[in-house]
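Given only the sequences and the hints, what does the whole structure look like? Please build it.
Residues per chain, in single letters:
There are 2 protein chains.
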Amino acid sequence: MNFSPRAVLIGLGLFVSAPFIDANEGMWLFNDPPRKILKEQYGFEPTDQWLEHVQKSSVRFNSGGSGSFVSPEGLVLSNHHVGADCLQKLGSADKNYLRDGFHARTRAEEMRCHDLELNVLMSIEDVTDRVKAAVKSDMNADRAFAARRAVMAEIEKESLDKTGLRSDVVTLFQGGKYHLYRYKKYTDVRLVFAPEQQAAFYGGDPDNFEYPRYDLDICFFRAYENGQPAKVEHFLTWSEKGPAENELVFVSGHPGGTSRSLTMDELEYMRDVSFPSSMEMLHRMEVMLSVYSARSEENARRAKDDLFGVQNSRKAREGGLAGLLDPQLMNKKRADEQKLKDALRASDKYQNALAAYDKIAAAQKVIRENRLPYNFLEAGRGFASEYFRIARTLLRAAEERSKPNGERLREFRESAQESLEFQLFSEEPLYDEFEQVKLADSLTYLTEKLGFTDPLVQKVLAGKSPRDRASELVLGTKVKSVEVRKQLYKEAPDFFRKSGDTMIQLALLLDEPARAVRKILEAQDEIKRQSYGEIAAARFAIQGSSTYPDATFTLRLAFGQAKGYEEDGKQIPFQTTFAGLYDRAAEHKNQPPFDLPPRWIHRKNSLDMSTPYNFVSTADIIGGNSGSPTLNKNGEFVGIIFDGNIYSLVLDFAYTDTKARALSVHSKSITEALLRVYEAPELVSELLGARSRIPLDR
Amino acid sequence: MNFSPRAVLIGLGLFVSAPFIDANEGMWLFNDPPRKILKEQYGFEPTDQWLEHVQKSSVRFNSGGSGSFVSPEGLVLSNHHVGADCLQKLGSADKNYLRDGFHARTRAEEMRCHDLELNVLMSIEDVTDRVKAAVKSDMNADRAFAARRAVMAEIEKESLDKTGLRSDVVTLFQGGKYHLYRYKKYTDVRLVFAPEQQAAFYGGDPDNFEYPRYDLDICFFRAYENGQPAKVEHFLTWSEKGPAENELVFVSGHPGGTSRSLTMDELEYMRDVSFPSSMEMLHRMEVMLSVYSARSEENARRAKDDLFGVQNSRKAREGGLAGLLDPQLMNKKRADEQKLKDALRASDKYQNALAAYDKIAAAQKVIRENRLPYNFLEAGRGFASEYFRIARTLLRAAEERSKPNGERLREFRESAQESLEFQLFSEEPLYDEFEQVKLADSLTYLTEKLGFTDPLVQKVLAGKSPRDRASELVLGTKVKSVEVRKQLYKEAPDFFRKSGDTMIQLALLLDEPARAVRKILEAQDEIKRQSYGEIAAARFAIQGSSTYPDATFTLRLAFGQAKGYEEDGKQIPFQTTFAGLYDRAAEHKNQPPFDLPPRWIHRKNSLDMSTPYNFVSTADIIGGNSGSPTLNKNGEFVGIIFDGNIYSLVLDFAYTDTKARALSVHSKSITEALLRVYEAPELVSELLGARSRIPLDR
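Protein chains in written order, with our numbering: chain A, 97 to 794; chain B, 97 to 794.
Take these hints with a grain of salt, some might be off.
One copy or any two copies: either way a pair holds, since identical chains are not told apart in the list.
[To be verified] Taking lysine-lysine pairs in the DSBU-like style, the calculated list, with each CA pair at most 35 Å apart, reads: (1) K615 <-> K545; (2) K555 <-> K545; (3) K461 <-> K545; (4) K555 <-> K428.
Hints were generated in silico from the structure; no laboratory data involved.
Structure (structure tokens):
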């Protein structure tokens, strides 16, 4: 489950194309699919209809995962761990849906998620020329960044006004490609079904990123429009057959971010600075959340989704760092870069591309110098409280609204306004005590990293210990009320300056220094964007441009074979069965986290033990692909991606299919479990539709 | 339980006397007890016989805790968490003594601990003049350090030869006091009884450092001599009555280290550098050990003692750091320092003492610059494997043996040889897989902190990833065999230089740079020692010398009252009862870590619910005091220290009795539980001795 929301939402920077494509490599654009490779390798030629159908059946979750429509009635299938955020927020001290699961037996029982937004990609338009034309070669980095931001906001606004669709300009390759993605948006999304977490995440952290596996990592939602289930034209038909061994499969989803085309200099920065720094933060958060959770069942419920996200990211980062510390992988990447540089040196026309490497290194140096204040002040590492996040959003919304659309911080552009408000006014329950614990810890962290004597830190602490100050800040704010938020959202900046609200005062105190350091980093990003553009353009000229860009949490098509692998001299089969689940529990004496949920113990005899449960394939996936449908050539649903094995964690930097595998839940295990374990025949009916009869009870 | 082995073994530096003594403040020397305070406050005048009796009944554990003799047959009582190291090492995949407890019903069943050494303080001799005379004023720091080390080793060797007792020169006050401590040593120590960890550490990490509490944190050992139970002259008689509210109690034990007399400059260094750095390491280790433990029951057993130690230290450090970040505490300390400095400035004769502050600051700067290589290369943070520790000890033993006693690294001096060999040849079981996991993580940490491109790091990694290199190192060493260690221990340095053993090669590679950075730090420590000496001498001249030195893991006498406190407007009673234990379990639905051990559920009805269980007192304690007897005025055993509450964690820096409390297990609860829950009448008999009859079964 490197595919969790958090793993995705922690973005890693900038991306550029990869030069040499391996057999099953690639997270391909839907408007530039790997037709040639598919034809040559598998004799398969996807039609435009096939591509459109798959594209429009695919769903993006704003909480950071993927999913698909699986019925004409707006039924959406994703992972339990993608749904975890909604499950946690709908829960209370009495109802622990995240742990115990949920089942709406009728439409009336379907529960609306507080702040879940689904996006369906409707069209892609190349706007490269217009974006490039806006940025003049004589502009400095600041001005170039402003010009680029302005033209992107303008294009998005025009598109929104014209089509009413969510419109995002996506930066690809950095090598000059900018595409406008238009999404249909669903904000009334209701929870339909989730199994117990112990079934979805069987084996817990120890089995996370491992294989063989036995997880029913699924969660059903339903998209609504105007209070009615959405009627969708495109949805996937269900194949209970699943894939045969070595069969070609596709994965359509939203890989969050990869770093395959970064310069060695930037990769080394990740190895030496950003990964260790993330790990340090994750270790700290994991301990803090574990300690908080151990105090009571209710604490554990409140912190569960956060804790899962942190543990998952920690394991993913550990795997990524292992890749960066692997001499074999890094030497190969170094050789590739050297080869390209040699080619660039061979001709005078590539001098700009060669110089770009130095520019990236110089920008990276500035980023390094400013990373601490950026991470702690702007990215919020020093102020881990939802209340602070809300207060800052309210303050900045007031400030940004008074500027022209193109000059605003990007998250406040007009085309993003609706989604922003949807989040800001979420009825998600928040807990003072939990907010205090998180904030006290992060204020201590801030003090450690920026230094106790730093004047801003002194102002933040206001003469108190971090613990006392956190308590004062949390208890003294009113932004915990959605009503108050709605009122404040209407106010002008002046109103905030006079506010006595503790969190708003804190947001005000930080606003200027945080914006200042953000500006420095945005200018460096602009320099890197232009430089990577130079390199990519030169690379296309030398190596050809028929390739895929690094992942950007936009829709991609991956493919591969359902196929096992060899590990320590042992052949790992491509799929597991229900029988394996019971064996694993027995092997661990049914002790947590290997204990079977009671339902699975009681219903054991009604299950066909040979039912395929999880399977692996060589498809090229990464965090964000969680919940992506796995499809056969007919575009039928045969499984759902929920994890990669431990060897897949280096896919961030380079594709390999020796041992790296994508993990799916098999379609058949889903219907079988729904029917026999969870007594949800109405869901099975809906999935199998008119084409299939529901199997009789044994 | 800030009183765990690990919290103690992580030493904190140098110590100097505190000027103003609070009511119940002080960790007093047995040869300079607070006679005046005790008489004035409590009308109590301890006789020399009283002091000698308490001193010789007290026991120090080399694993980092305290204890006492409680029978003439060498029966020793300490905490379960002090015994944890022995319990873990005696266990196996089949026998989990740490979790399940242990009970030897006969002497024959008592099990010898692998490497536990007990020390009993027999005498104290002031050797200040001789140590001071050896260090001439014209020596530079290096030479002064060497001269001091030499004279200390000489005194110790002479004493050992003369008395046969373990002889340690202890540095006190830095202000010129050096005392020779002579200990009787027991190395044949056998395990007699331990309850289940769930009874000893009820409430787990959430309740650690909290109060009210319900812990039976006890473990019985027996000291043997010549294969027979040791006949001891001094042991504590048992008082089942325990202390009345507000009664004067004493604690005789070995506080590990305090920092009450450090300069503000050094305290700020701790706040800004050493505490955050320790916390970072502890967070990392806690996650690593938790992840390893979650994989299987056997892993959990192997890692349990380490994990407990790390969690305990983490919580203790968190509390300490909160103290350093508390403006009230730090402002008071700053004012105290300012007051002393003002007094120093008032007379010409204190110019050296004033200058000492700057010298300490300058030394601290050098330490700061060298702390990373020191922590990672010399202190072993980068090589967290027992195999490495053993290999290095073997190599250095060979190197150091060829030098005169006074020139050796201090741990290799002749008087310490026996204890060193006892540890080195321990039969403690070690596990390749666990060693690999720990080493891979710490090699990664080393790479992050010293930098991937550091030439030494490159040599350490030898072209491999940290994971692969750790595996190669662990699998390629033979020092895992005690027989091999014994052979290698006889070899000369040359032999090691030719060795093909992976860990010995690693120890060789590191030896020179590690020794070099150690030398730099030892010189700074010498400068600080001299400087603190100047300050202390001046302080004694101004404020008088009737005080106690900072803790140094040597025997101290503390005192206070059995007394509750107020928290959030609520009065916390001074003692709990068995009834409270059952209430707390019910409150948490008997869920871990608040579940009752099965035995306590089954035997509930046979227990007197009003039996006092744990109690608090204002005695001045800190990590290392774990297992210390709590005594009444008659020198009778009324309880055993096992923890301090959360407010006691700042005692590292300053004494307070507002809310800070020491926690003891009540004597009555021990005999009651032994009799009714654990069916150990023979132990109760031995404890109550001839004076008392064993209560009849109800």
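Status of the hints after comparison with the structure:
Taking CA atoms no more than 35 Å apart as the test, K615 paired with K545 passes in both settings, with 21 Å inside one copy and 29 Å between copies. With identical chains, the CA atoms of K555 and K545 are at most 35 Å apart both within one copy (15 Å) and between copies (31 Å). Taking CA atoms no more than 35 Å apart as the test, K461 paired with K545 passes in both settings, with 19 Å inside one copy and 18 Å between copies. Proximity of K555 and K428 under a CA criterion of 35 Å is satisfied inter-copy only: 21 Å between copies versus 49 Å inside one chain copy.
Of the numbered hints given earlier, the model fails none.
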